[in-house]
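Trainee: From just these sequences and the hints, can you work out the full model?
There are 2 protein chains.
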Amino acid sequence: MKALNELATPALILDRTRLSANLQRMHQRAAALGVALRPHMKTAKSAEVARLATQGQPGGITVSTLAEAAYFAERGFSDITYAVGIVPSKLDVVAAIERKTGARIGLLLDDAGTARAIAERAAALGGNHPVHIEIDTGQHRAGIAPDSSALPEIAGILAAGPATEVAGVLAHAGHSYDCRTIAEIETVAEAERAGAVAASEVLREHGHPCPVVSVGSTPTALHAGDLTGITEMRPGVYMFGDRFQSAILSCTPEDWALSVLATVIGCYPDRDLALIDAGGLALSQDRSMEAIDSTVSYGALYDATGRAPLEGVSLATVNQEHGFIRGRVGTLKVGQRVRVYPNHACMMAAMYKAYNVTDGADEIVAEWDRVNRW
Amino acid sequence: MKALNELATPALILDRTRLSANLQRMHQRAAALGVALRPHMKTAKSAEVARLATQGQPGGITVSTLAEAAYFAERGFSDITYAVGIVPSKLDVVAAIERKTGARIGLLLDDAGTARAIAERAAALGGNHPVHIEIDTGQHRAGIAPDSSALPEIAGILAAGPATEVAGVLAHAGHSYDCRTIAEIETVAEAERAGAVAASEVLREHGHPCPVVSVGSTPTALHAGDLTGITEMRPGVYMFGDRFQSAILSCTPEDWALSVLATVIGCYPDRDLALIDAGGLALSQDRSMEAIDSTVSYGALYDATGRAPLEGVSLATVNQEHGFIRGRVGTLKVGQRVRVYPNHACMMAAMYKAYNVTDGADEIVAEWDRVNRW
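Protein chains in written order, with this note's numbering: chain A, 1 to 374; chain B, 375 to 748.
Since the hints were derived computationally from the structure, they do not count as laboratory data. Predicted, not measured: the structure shown is a model, and the values here were computed from it. There could be a bad hint or two in this list.
Unchecked claim - Covered, in the sense of this in silico footprint (three residues per stretch, anywhere, with C-beta under 8 Å from a C-beta of chain B), are these stretches of chain A:
| hint | segment |
| --- | --- |
| 1 | 138-147 |
| 2 | 217-229 |
| 3 | 282-294 |
| 4 | 324-337 |
| 5 | 350-356 |
Stated by the list, open to error - If we take Cβ atoms under 8 Å as the criterion, some of the chain B residues that face chain A in the derived model are:
| hint | residue |
| --- | --- |
| 6 | LEU407 |
| 7 | ALA410 |
| 8 | THR439 |
| 9 | PRO462 |
| 10 | THR637 |
| 11 | GLY709 |
Cβ atoms here follow ideal geometry from the backbone N, Cα and C, with glycine treated the same way.
Mentor: Structure (structure tokens):
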């Protein structure tokens, strides 16, 4: 295989050593909490990563698109939860994937009208579609409250459908991203647990077994004190880590497994500016770090090895194919390579079709594909 | 072909009727100004669009990546300018594309050290590489001042190299994006013209013919009063238009040719929230409109036909696969389709591998591929 310095830039680099440590840490968390780990593949979107992430675990995987569902189903993952709200027009695609691969794809919805439409379309398509009901435990994105009258109503509709069944309840405490202390995350994690469990109890009181009680976000998975009543968790970004996850205490910079290798293509010390060939497309335009630090920055700048931060400079702006390094650029030279760690790993990784895998050193030991788009 | 309502969402839609009108307008501008049009393909990244954009024009095309250079060269475009700074490690790729396709790829640089390294590498590779010198006319991204002593120095290095030649000078008035009136754009356009022409005169005084005097940005191409001394212009985003280009007076919403078709996947009137299946990956996370309007918004919401704006709502937030519509969402229903026009067309289009082409109606008349990545 190639060495890092032979790669054309910009290139996506995945440090397998760090990845493995991150996976191991989450395996241990799931084991300690007594729940199955159903890793969310929306970050990695890679069969190779999914195989490592599910090693020795009973659970299946979680996906964010039907393109992921098809890709993983075709590669032997037979237990998949599609954790974005389903609409009837997408059920035909789900059914086609299931027929082709034999995989079972769990669905998600949160209103009675959609449940009726899905039950009806499922009846026309046949099969037996496991459907989760989404519970809102404080993020107020999708989902209904555990005490909503819609909860038993939806379950009743799904249970009555000849081709749908109530798989269980699913919550995502996305508002854990607003936390800044572990104590806050523990509180959100407990609300996520309590909400999901309360919803499962409502369903059981109404005669639905509710085999799945699912929660998941990387911060709550890492910091939950107790998951009594929960059957599985679905974190995803823990695999790679990123600046934002470090800022909210999910990892440290030494855990970051994903980066972009870039080349300096211009250096203008009189303007306090250097340009790299990684701009808004190569790095994504993610600015989530602004929630932590008002300084706009599109990634963390390191030397070519990815081990030493570049001091006195920041990645202040991006154009489509230009990244703007501001600050003390006097030590940078045209042709020199640098590494950029992401604000948000999911978004940066999605700009690439494959990972150049290293074990932390200069050698590329593998290339792993990704499934992008929808 | 399919109809729009049969497409899986999110899907990228290109209105060919509007595209053609936009192309025609720029053809007329170039003709009126007496310059060649070398359209920048960084927005469209499509051979089909490039064929339409270069119809009846003498000029070649401009590209922003070597992946574009290879793609277009393999599809018969033989006169290509790679308008991002070259580094020696990329020259081998350029030479390989030229050898394989017979295309001639113009290069860009702006410092003497890089010129020496490129001249040396070119000598080793052979061939005859046309190199443009980048001139800064006020954006202060890349480029040198027209009166910089580096200008004749760089030209001398390139001319002395056995496998490099001075193609000319190239300027990009990216700071036209900071303008808010046509008068301001005219001033920037004149500075762009004057700087490029002044640089060309310096080169000629030093005995370099400087056949190419290139300028280009959509706003300056549309509003330049005069381009005396300029040989070509390189606008790109004019082909599609977008919200930002409307805000800086390059087009109107009726010219927008690019949009994403999305589906409502959740509706929560009590939260003033509806969710669509187009989030940060489907729409990009471009927030350039914040320079115009401090309200954060990830695109302009229209009905499924793309003709009627949705009133009282905005696309306020994106997660990876969720777009958050805030406001008066009471009229939206799960399963309903909507259209999102981009803040920045280049970034939204880059999230897709192909265009679903319409003539403004419901029928998909063609699918056109794109060349993404590097």
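Trainee: Run every hint past the structure and note whether it holds.
Mentor: Checked hints:
1. 138-147: holds (count 3)
2. 217-229: With 0 residues closer than 8 Å to chain B, the segment 217-229 of chain A misses the three-residue bar; violated.
3. 282-294: This one holds; 5 residues, not fewer than the three required, reach chain B with a Cβ under 8 Å.
4. 324-337: holds (count 4)
5. 350-356: holds (count 4)
6. LEU407: Constraint on B:LEU407 not satisfied, violated at 25 Å.
7. ALA410: Constraint on B:ALA410 not satisfied, violated at 23 Å.
8. THR439: Constraint on B:THR439 satisfied, holds at 6 Å.
9. PRO462: holds, 6 Å
10. THR637: Because about 6 Å separates B:THR637 from the closest Cβ in chain A, which is inside the 8 Å limit, the hint holds.
11. GLY709: Holds. Min distance 5 Å.
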